[in-house]
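Generate coordinates for the entire structure from the input sequences, incorporating the hints supplied.
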Amino acid sequence: MDIEAAKMIGAGLAVIGLGGVGAGIGHIFASLISSISRNPASRPQVFPMSMLGFALVEAVALYALLISFLILFL
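Take the sequence shown: its position 71, counting from 1, is numbered 71 in my numbering, and each next residue is one higher.
For the record, the hints were derived by calculation from the structure and aren't laboratory data. All residues carry an ideal CB built from backbone N, CA and C; glycine is no exception. Treat each hint with caution, since some may be false.
[To be verified] Label-pair restraints from in silico Cβ distances:
(1) Leu70 - Phe29: 25 to 33 Å
(2) Phe29 - Ile9: 27 to 35 Å
(3) Leu72 - Ile33: 31 to 39 Å
(4) Val60 - Ala30: 34 to 42 Å
(5) Ser31 - Leu66: 21 to 29 Å
(6) Gly20 - Pro44: 26 to 34 Å
Here you go:
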């Protein structure tokens, strides 16, 4: 197997994590909308926690992209 082909396969495998990130972000905001619609008074407590969850899930996406770029270009 050619080294360039192996790099492409490795980078593709590293980016598979982005599918889980999309599902995770969708789940976070679906839960946020559901909890606020059930109890609007809970918004000050729920919203900051959802933003923290969003930031942590988004960090996973950035790490996956970083790894794929490292595989491709180094």
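Right, here's what the structure says about each hint:
| no. | hint | in the structure |
| --- | --- | --- |
| 1 | Leu70 - Phe29: 25 to 33 Å | holds, 30 Å |
| 2 | Phe29 - Ile9: 27 to 35 Å | holds, 33 Å |
| 3 | Leu72 - Ile33: 31 to 39 Å | holds, 37 Å |
| 4 | Val60 - Ala30: 34 to 42 Å | violated, 18 Å |
| 5 | Ser31 - Leu66: 21 to 29 Å | holds, 28 Å |
| 6 | Gly20 - Pro44: 26 to 34 Å | holds, 29 Å |
The structure fails hint 4 only (numbered hints given earlier).
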